[in-house]
Each structure stands twice: as C-alpha cells, then as structure tokens.
Amino acid sequence: MATRAPFLTTPFGGYYHRDVPQEDAELTHIGPGTPCGEYLRRFWQPVCFTDDLRDLPRRVTLLGEELIAFRDGRGAVGLLELHCPHRGTSLEFGLLSDRGIRCCYHGWLFDVDGTILETPGEPETSTLKDRLCHGAYPTHEYNGILFAYLGPPDQQPPFPRYDSFIRPGYRLIPGRQYFYPCNWPQILENAMDPVHTAFLHTIVTGAQFTEEFGKVPELDFIETPIGMLYIATRRVEANIWARMVEIILPNLQQVAPAWEDGHYVHPFHGPMMSRWIVPQDDTHTMFIEFRHVSETAGVTPSWWADRGVMLPGQLPESDSYEASQRRPGDYEAQVSQRPIAIHGLEHLGATDRGVLIFRQQIRRVVYPSTADNSIGPKTW
Amino acid sequence: MATRAPFLTTPFGGYYHRDVPQEDAELTHIGPGTPCGEYLRRFWQPVCFTDDLRDLPRRVTLLGEELIAFRDGRGAVGLLELHCPHRGTSLEFGLLSDRGIRCCYHGWLFDVDGTILETPGEPETSTLKDRLCHGAYPTHEYNGILFAYLGPPDQQPPFPRYDSFIRPGYRLIPGRQYFYPCNWPQILENAMDPVHTAFLHTIVTGAQFTEEFGKVPELDFIETPIGMLYIATRRVEANIWARMVEIILPNLQQVAPAWEDGHYVHPFHGPMMSRWIVPQDDTHTMFIEFRHVSETAGVTPSWWADRGVMLPGQLPESDSYEASQRRPGDYEAQVSQRPIAIHGLEHLGATDRGVLIFRQQIRRVVYPSTADNSIGPKTW
Amino acid sequence: MATRAPFLTTPFGGYYHRDVPQEDAELTHIGPGTPCGEYLRRFWQPVCFTDDLRDLPRRVTLLGEELIAFRDGRGAVGLLELHCPHRGTSLEFGLLSDRGIRCCYHGWLFDVDGTILETPGEPETSTLKDRLCHGAYPTHEYNGILFAYLGPPDQQPPFPRYDSFIRPGYRLIPGRQYFYPCNWPQILENAMDPVHTAFLHTIVTGAQFTEEFGKVPELDFIETPIGMLYIATRRVEANIWARMVEIILPNLQQVAPAWEDGHYVHPFHGPMMSRWIVPQDDTHTMFIEFRHVSETAGVTPSWWADRGVMLPGQLPESDSYEASQRRPGDYEAQVSQRPIAIHGLEHLGATDRGVLIFRQQIRRVVYPSTADNSIGPKTW
Numbered sequence: 345m346a347t348r349a350p351f352l353t354t355p356f357g358g359y360y361h362r363d364v365p366q367e368d369a370e371l372t373h374i375g376p377g378t379p380c381g382e383y384l385r386r387f388w389q390p391v392c393f394t395d396d397l398r399d400l401p402r403r404v405t406l407l408g409e410e411l412i413a414f415r416d417g418r419g420a421v422g423l424l425e426l427h428c429p430h431r432g433t434s435l436e437f438g439l440l441s442d443r444g445i446r447c448c449y450h451g452w453l454f455d456v457d458g459t460i461l462e463t464p465g466e467p468e469t470s471t472l473k474d475r476l477c478h479g480a481y482p483t484h485e486y487n488g489i490l491f492a493y494l495g496p497p498d499q500q501p502p503f504p505r506y507d508s509f510i511r512p513g514y515r516l517i518p519g520r521q522y523f524y525p526c527n528w529p530q531i532l533e534n535a536m537d538p539v540h541t542a543f544l545h546t547i548v549t550g551a552q553f554t555e556e557f558g559k560v561p562e563l564d565f566i567e568t569p570i571g572m573l574y575i576a577t578r579r580v581e582a583n584i585w586a587r588m589v590e591i592i593l594p595n596l597q598q599v600a601p602a603w604e605d606g607h608y609v610h611p612f613h614g615p616m617m618s619r620w621i622v623p624q625d626d627t628h629t630m631f632i633e634f635r636h637v638s639e640t641a642g643v644t645p646s647w648w649a650d651r652g653v654m655l656p657g658q659l660p661e662s663d664s665y666e667a668s669q670r671r672p673g674d675y676e677a678q679v680s681q682r683p684i685a686i687h688g689l690e691h692l693g694a695t696d697r698g699v700l701i702f703r704q705q706i707r708r709v710v711y712p713s714t715a716d717n718s719i720g721p722k723t724w
Numbered sequence: 345m346a347t348r349a350p351f352l353t354t355p356f357g358g359y360y361h362r363d364v365p366q367e368d369a370e371l372t373h374i375g376p377g378t379p380c381g382e383y384l385r386r387f388w389q390p391v392c393f394t395d396d397l398r399d400l401p402r403r404v405t406l407l408g409e410e411l412i413a414f415r416d417g418r419g420a421v422g423l424l425e426l427h428c429p430h431r432g433t434s435l436e437f438g439l440l441s442d443r444g445i446r447c448c449y450h451g452w453l454f455d456v457d458g459t460i461l462e463t464p465g466e467p468e469t470s471t472l473k474d475r476l477c478h479g480a481y482p483t484h485e486y487n488g489i490l491f492a493y494l495g496p497p498d499q500q501p502p503f504p505r506y507d508s509f510i511r512p513g514y515r516l517i518p519g520r521q522y523f524y525p526c527n528w529p530q531i532l533e534n535a536m537d538p539v540h541t542a543f544l545h546t547i548v549t550g551a552q553f554t555e556e557f558g559k560v561p562e563l564d565f566i567e568t569p570i571g572m573l574y575i576a577t578r579r580v581e582a583n584i585w586a587r588m589v590e591i592i593l594p595n596l597q598q599v600a601p602a603w604e605d606g607h608y609v610h611p612f613h614g615p616m617m618s619r620w621i622v623p624q625d626d627t628h629t630m631f632i633e634f635r636h637v638s639e640t641a642g643v644t645p646s647w648w649a650d651r652g653v654m655l656p657g658q659l660p661e662s663d664s665y666e667a668s669q670r671r672p673g674d675y676e677a678q679v680s681q682r683p684i685a686i687h688g689l690e691h692l693g694a695t696d697r698g699v700l701i702f703r704q705q706i707r708r709v710v711y712p713s714t715a716d717n718s719i720g721p722k723t724w
Numbered sequence: 345m346a347t348r349a350p351f352l353t354t355p356f357g358g359y360y361h362r363d364v365p366q367e368d369a370e371l372t373h374i375g376p377g378t379p380c381g382e383y384l385r386r387f388w389q390p391v392c393f394t395d396d397l398r399d400l401p402r403r404v405t406l407l408g409e410e411l412i413a414f415r416d417g418r419g420a421v422g423l424l425e426l427h428c429p430h431r432g433t434s435l436e437f438g439l440l441s442d443r444g445i446r447c448c449y450h451g452w453l454f455d456v457d458g459t460i461l462e463t464p465g466e467p468e469t470s471t472l473k474d475r476l477c478h479g480a481y482p483t484h485e486y487n488g489i490l491f492a493y494l495g496p497p498d499q500q501p502p503f504p505r506y507d508s509f510i511r512p513g514y515r516l517i518p519g520r521q522y523f524y525p526c527n528w529p530q531i532l533e534n535a536m537d538p539v540h541t542a543f544l545h546t547i548v549t550g551a552q553f554t555e556e557f558g559k560v561p562e563l564d565f566i567e568t569p570i571g572m573l574y575i576a577t578r579r580v581e582a583n584i585w586a587r588m589v590e591i592i593l594p595n596l597q598q599v600a601p602a603w604e605d606g607h608y609v610h611p612f613h614g615p616m617m618s619r620w621i622v623p624q625d626d627t628h629t630m631f632i633e634f635r636h637v638s639e640t641a642g643v644t645p646s647w648w649a650d651r652g653v654m655l656p657g658q659l660p661e662s663d664s665y666e667a668s669q670r671r672p673g674d675y676e677a678q679v680s681q682r683p684i685a686i687h688g689l690e691h692l693g694a695t696d697r698g699v700l701i702f703r704q705q706i707r708r709v710v711y712p713s714t715a716d717n718s719i720g721p722k723t724w
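Those sequence lines, one after another, are chains A, B and C.
The first sequence runs 345 to 724 under my numbering.
The second sequence runs 345 to 724 under my numbering.
The third sequence runs 345 to 724 under my numbering.
Bear in mind the hints are in silico, worked out from the structure with no lab data behind them.
Wrong hints could be hidden among the right ones.
Identical copies carry no separate label here, and so any pair may be met within one copy or between two of them.
[Stated by the list, open to error] Straight-line alpha carbon distances no greater than 16 Å define the calculated EDC-like cross-link-like pairs of lysine to aspartate or glutamate that follow:
id, residue 1, residue 2
1, Lys-559, Glu-468
2, Lys-559, Glu-466
3, Lys-473, Asp-650
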C-alpha cells in the first residue's frame, strides 16, 4: 500500500503538506518480476495493429521489455527480444526473410519461435544454432490486432473470445491506438469514473460528447466474475437513460456509445468499443481499440466505421499549451496526475467507488494474503 | 562546508586534479526541509508579475515546490499546490471561477486559501470538503509583482517595504523576469562582485555598460544590519566615482545605475533596480526586478521606463553558440559554472571578499553553531 | 567479468530470458580512476583536428573529463580543464590571448601548461598566481591532429611514430571525425570482425564496398607485440585475396583499403587509414582518422584524398528512421547494441575470435592477476 501524506485541515497550510510520498509500487510497477507485471503477463496483451507489420520490422516496448514484431515472407508473425543474441545489435535493423528475420550485422536468422535457423558466418560444424534459442513470445492475430502472451509458458491461457466480439449484426474492426506518457492505472481508472464525463467532458469544456452527459448521474458499481461494471443512470425528459461501462480484468474496457443520451427509446446496443490499456513501461502506456460497428443503418454513426476519425477528447487538439489549458480532455486530466500518480496524495470520495473497487480487485489477485477483502469475495 | 579539491601547484598537472567534489549542499539545496530552503522560506518571495494572472492559471515552480497561481473572478489571488487533492490532476488545466479555481476533472472548487468550496460529484451529505483543505500559501500583491510566503504560518513576517521603494520623486515599476538554468548563489554572488564589470562587461567583450567600468576599482565591502553592500571607487577625470550595490538577505539586490560613470557631478540617485534572485529548484533560478524611475527629466534614461527593453548582457543575444563564445555576458559566465557551482574547486581571492561575506552571512544564520563567525557579528 | 544471462534453449522462451545483466564495467568504464580509463590514459590520444583550433577555444570531452583546447597568439596549443579555477566559469567563453587564454568573467590568464599568468583584479601583492596552477595536459600536434597525454606525468611516453605513418611514396593526411552515442569497445571490435563486411556491408544492404566482400572469408587472427591483426582470405577468380586489418592497443586501427577486392594482382599497399576510437565518456565515442594517400597514380582513388568525402557506411545517410531500417550500416549495427553493449547477453562464435582476443588482451594488461591468460603470453 502507498504511504499517505497528512490529511490537511488548515487554510493556507501548504507548508504542512510539501512532501510527496512514493508511488504505489504494488499497482503501478509492471516490469519483469514485479507482482503486478507478472499478473498482467498472465493475459494475452495487444502489441500493435497487424497491418503495421509490412515490409519492415516494428520495434515495440511492452511491459517493460524491448521487443521486435514482424511478419515474415510466409506470413508468420514473430515477437522476439529486440537485441540479437549474438552481439546485441537491434533486430529493428534486421532483414525480413522468407522464413524469420535476419540480423543485419552477421546475418543470423531467427524463426518466429526464437529458433536460430542460420548462423552463416560460423563454420558448418557449428552446433551453436541447434543448442541456443533467441527469446520469443507466442502471438495471436485477431481481427486486425496482434496479441502476445508474455507470461510463463506452462500457464498460457487460450486466447479469449468475448461475446461482444462475435455479436450478430455487428462488425468488429480495429480502431485507433493512443500513447500517453504516464502510468497505466490512472488511465484505466478513468473508465470506472462516470462522474468525469459530467465535468471534464461537458461542464468544464463544453459538451465533447452530448449535453446530457453534463448531468451528474446516479451510480451503481457491480462486481462481475471477470471484473466490474458501472451503471450511470440519468432521467432524460420522460426516459431513464442507463449507461454501462465494463472492465474485464486486468486491462480491458468495454465502453458504451458516446453518442447515446437517452433522448429516444432504443434497445441495448452493447459497447461502442473494446479497448486495452497496455503498459509499455512504468511511465508510458499504449491503448488500442476494437470498434463495434452495427450493420443496421442508424445505430452506429458512420464516422465510427472510419479508422481515420478518432473519438473526441482522447488527444490534445494541438501542440499549444494554451489550447490544452482552455479545453482540457482525458489526456490533460490523466497525464497531469504525474508520470506515476501518487495514491498517497489522493482523497477518494463516494464517486470514486469504481476506482477503489478496481484497485481492490487487482490487489486481491496480486497480493491475496495482504489485501483487504472486504469489498467482495475473490472472483478472479 | 564543501569538500575541497587538491590545491594544484604543478604545470601540466591535470592528472592530479580530476575529481569533482560534491556541491556545497548547505548553501545550494533549497527544497522543502533543507536548511537553506527553510531559511529562504522565512521571507516573502516573488512569484510572477501580477499582470500575468489573467484568464488562465499560471504554473510556477518555487523553492522546489510545484504550484499554481491564479486570480479569480473577485480579483482574489491564490497560490495553491499544483495537483488536485482529489485525484492529482494538475490545476494548470483548471477553470477560473467567480470564487476560486475548479479542477477540470471532477469540478472540485478551491478558494484562494485552500478551502474546498465544492465537491460537486459527491453526495450532498458529504462532509469531505468541510474537513479537508488543499495546500495554499498566503500572497501579497505589490506594485505589479505577486509575492508569497512559503514558510511556517506561525512565523509569517509582515510584507517588507524598503525605503528605496517609496522614495519621493521616483516611481517603482515592474521590469523584466529572467530564467537561468543554474543554482541560485552563483547568480546572486555576481552582485557582490564588482570586478566582473571591468572584465566581463567591458574589457573582454567591449563596453556593455560604459567604458569607465573597464577600470578595476578600489573596493570596500560593508556588512549592514540586513545584509551587505559594496562601494567600488574609481577616479574619473577630476571626479571620484563611487558605485554602490546592496544585498538585502537572503536574495534581494539593489543595483546602482548602469548608465552612471562619474563623468559629471550629481547627487546620489539610489538604485536603478531592486531584484530578487528566486530559486525555482536546485538547478533553475528566476529573477525578477522592480525598476526605479525618476520623475525628474534626465535622471533615468527613457528606455529604463519601458518594460519591453532589457538591461544589456542579461541574456544571450541569440541561440548561436558561436555568438555566445564571441560575446559572453552574465548568462554565460554564471550558467557555465555548472548547474550547481562546485565551491570545492574555487580559489577565491581578495576581490571575492564580497562573495565570501555573502556566503558567510547565509551560513551564520542557517548553521549558527558551526559557521565561522570571524568575519563579523551575527547581525541578522 | 560480466555476469551472464541464462543460456536459453526453449522456443517461445522469452519469459526465461528477461533480465538484463550489468555491463562489463572492467572494459567499458573509462572515467578517471577506472582501471580501463587509467590504461587508456597511458597512451597519447587524439583530441581534435588542429585546423579546428582557430580564433575560438574548442570544448572537448575526453575519457570522461571536460576540457578546453585552444591555440594562442604565439601558436602554442593548450588543453586545460574546462572550468576556471577561480570561480568555475567555463573557458569555452574565454578570450584567446597572445599568450594563453583569458577567462571572460574576471580576466584570469592561463598559459598552455596551466601556469596562471595574470589575476588582474587581484592586488599587485597577490601571490596566488605564483602558487596555484590550472589543470593542464601536454599536447602534441602531428600531421593535422592534436594529441594529448592524460596519464600520470612521470609515465609520459614519447609520441609514437608508426612505420605506416612515414612510408615512402605516401602522404598522411587528416581525414574525418565521427561521433557515435555508445561505448567504445563495441566500435573498436568491429575492426576485428571481418565477417560483418560480408553481411552488413554487402549481403544485407547491397554492396557498400565491393561485391567480393560478400563472400565469407577464411580467417586468421594473429597476436602481435603491440596488439593483433586479422587476415581474411578469399579466392577471387584465379587469385587469392588476403585482406589485413590491425589493432594497435589500446585503440588504434589500421584498416586495409575498402576498394581492393582481389580482382587484379598488386603489391601490398598497406592501410588506407589509421583510426583512433576515443572514448569521450562511457556512452559517447569519437573516432578520428589519418588517411594514407599514395603518390603513385591509380593506387589510391582520388576521392580518398578529399577530406570532404567520407567512407561509405560510417553514418546514417539521413535522419530518417525508415532509411536506417532499410539500409543499416556500421552506425546502426554498433550503436543499437545499447549505449553500453551487455557482454553478458552475447553468444560469441568461432568468427568472434578477434573480439575475444581483443578483450582478452585488454584484460591481460588491465587486470593481470585475474585475467585468463590461456590465449597467449602477455605481450604488452
């Protein structure tokens, strides 16, 4: 648990509140060997879009590891350690081959599973390539996104297929990818925080989604067998508008349509997107989305089927600091919590119950013996 | 005290003089809890110009603390901790309100004294806002500059009004603000170093002020009840020209006019400016000036009443490294002493008596039990 | 010796191979007081081209030390500590004088041996300048390159003149200078690695030198009394082509002509260049070359006598990351081994015998009691 700053009760009391506690390492550190990092590695994680794997290898950082993703001439996809096991040259300068990737420096050739196929400068009698493997991770392509499993090989789960991915009448398409220079929970927690849509996205900056978001809703937070969801309920004219957003642990969000606002009666349309919040390292995070597009005219706006268009508010509109000050969005609100938000300086309220449950759920799995289990039974 | 490098006495002896001692932490570290930082906090310190507080909040770093300055709709000025006490979002993206500033993320509203006026997403029964304060510091506007007191509340001194600020026949106007990427004493000491005006500002680079500065003066250093001053005396034709510069501890300079040079007889005109050297953090310093403008024609040059014009030599004339090499000024001479000047590598001479007295005065106050008090009695 | 990562034998085994060992400090750390740094200091090292010493001083970093090189009005060359011994101002802003260099701040004047010639602000009775020296190193100009000796003064060797520098029928001219943001052995080892010419410079990227380099050669590595050399032997049509590259310890390479390829019979032409790989600090390295130009028409291509033209492959052709990926050269292959290559992650093969001998030779001299001496007798 994070150490806490004093609870300040004095006006003009800044002098008593200057020390910055350490970050909450239990939830925020994700490198190899950290408890939370090992937990995240037990799940298939998105790496990049599959159509980014063309005629050049693609360097990625994932969970604190430097890696290279590529598609070889057969169409097989590999995710390997970035640095060649021979002398350390980066495979981002490697040559894609009919089978595998070849290091530019001495031509060693690696298959997608890490097998060393050739060490061409070595004598023909060399057995090094038969004894040594390069570090590799299993991958899975699904619907335009490349996923990888970075956990212990004997614990590899099947690739999950959620019901929302295979709904009749819906297409699942790859959407956009975003990079925030900050730690991961402060991004993911935003999805369990329906109140911010009333303030950040509506009252403070003018309606980024619709005007109805500006009403502070009634809130229900519900733990599920695989995570949690919230229901934000508002009265809109004669209707009751219930908006639901789900988290599937550890780092997948399913977000209700931003264009719905309760003005007309319609059936439940499910999520507009499924989005993973993927730590690159402790202070950089990538998120990547599948978009759900209805095949029924009028249900999904046409711009949502266009990958070139992004959801409003995800990135600053320009490089102008003044523009960010005048019209902040999720990027400003989340990144400015510091590179790693300091939980010991927070004061959570009733509306932060979703944030608390999310952290508690993570803690229950990662630190089962020390976590406070009072919120609910361990369901994961 | 700083550890010292060996006293090198050998030509071609670089080999014996390679180690760089630690900086003199006693005088150079100014963060919360450091002895010198706590000393600086016992005085009202300038924050920014008051006319920089318009329709957006202004982020500042002061004595190692991240803060936000703003003026609300009533005209009240606040200086608060930068990060919202709720979830840590930076208030630089906050919305100025009729009273106080509102965080962009969930709309919490803070008064200028840190009182939490609203937590709008929270239930009406919530008492959090009545029990919790946000960190705030008292401020004082004076003549176009915003000042703040960052020290212990029970030790808050009255805002000082020096005689030079209220001289009959003079206007006090806000001037310019400069930012140097280095530690603070190496900037402030420049004011107790009249010899550099002969070399840096005249002989080495051509006259930046007037030709008469190129004569090395006779020097007197005098401790005062509130700091020290020097008198640099030169013979100019048949006249005696005595130039005086004062330091008011800990970090205020009063600098004699740079345009006077003893060529004609005139009464004492007092300082051209009062300037604070304010540490932002250990390696960044801001200075900010009041200018003294005479209402008598011919005493103060007209350009000095124009805030758009700066005193020569305070900043490099361009981004060109070659131009800085060919015509260095105070910026190059002071910043290039390293981000924090290493006192243990210095060799001070007779002309550095002002520097020594300044450091000794600081040390006498901050470390009274260990300081060498031989220079004079403790007057502060 | 470096700690080693596990030997990975498992396909898809990245999970077992995530930890990055520490760098091999014994060979890669070169600052003052490090064993390898002290070893490098026992040799004359290149500083810069002498024609870079014109009317401004030149700041250089060498073996982890910040220095200033300059030529005074007499033509004498100095290499001094960067920071003035008075108050620390950088001498890169100093004024070149008829004799020595003058600090811009207070005008102290330093001779090329570190003698303090003037402290003009000090009283005439001051003896400081007679007792104190500034740090200085002995220099030697040779053929357009400035060299310096940074080692213990009582161990200063004569400046070496190798037979290749004074060959009848050849001119020795200064060539080019390169800066790589990485540690030094990973650059120098490239010269003892003839196999990379077949892959990096030919097969992977298309012929950067000549097509014949694309054949993997027979290799001989031979220790010499002053270092080592390799002979790379290829059959070219009816000829035997033997290419030789030499290392003179600790950091001088003599490289065979890149334009020879065995297609015609000719006498031994000696090296095309003599090149020093000089650490600036642990993660930045400069190399600088003498070019050997034959006075016999047709032996040396005319472009090699033109300092404006560089050997292909030494630097990226543009700032484009994609261009570097498509056509990597020595820069990409060596720099991407990390700022300091991690020996504990390497797997050296038969073709890396030259790399092993080089490291072993350094280790034998620097760590004589612990090094494995099995490769050969200590010859240095």
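Hints versus structure:
1. Only between protomers do Lys-559 and Glu-468 lie at most 16 Å apart by alpha-carbon distance; the minimum there is 15 Å, versus 74 Å within a single protomer.
2. Proximity of Lys-559 and Glu-466 under a CA criterion of 16 Å is satisfied inter-copy only: 13 Å between copies versus 70 Å inside one chain copy.
3. Proximity of Lys-473 to Asp-650 under the C-alpha cut-off of 16 Å is found in neither arrangement, the shortest distances being 46 Å within a copy and 44 Å between copies.
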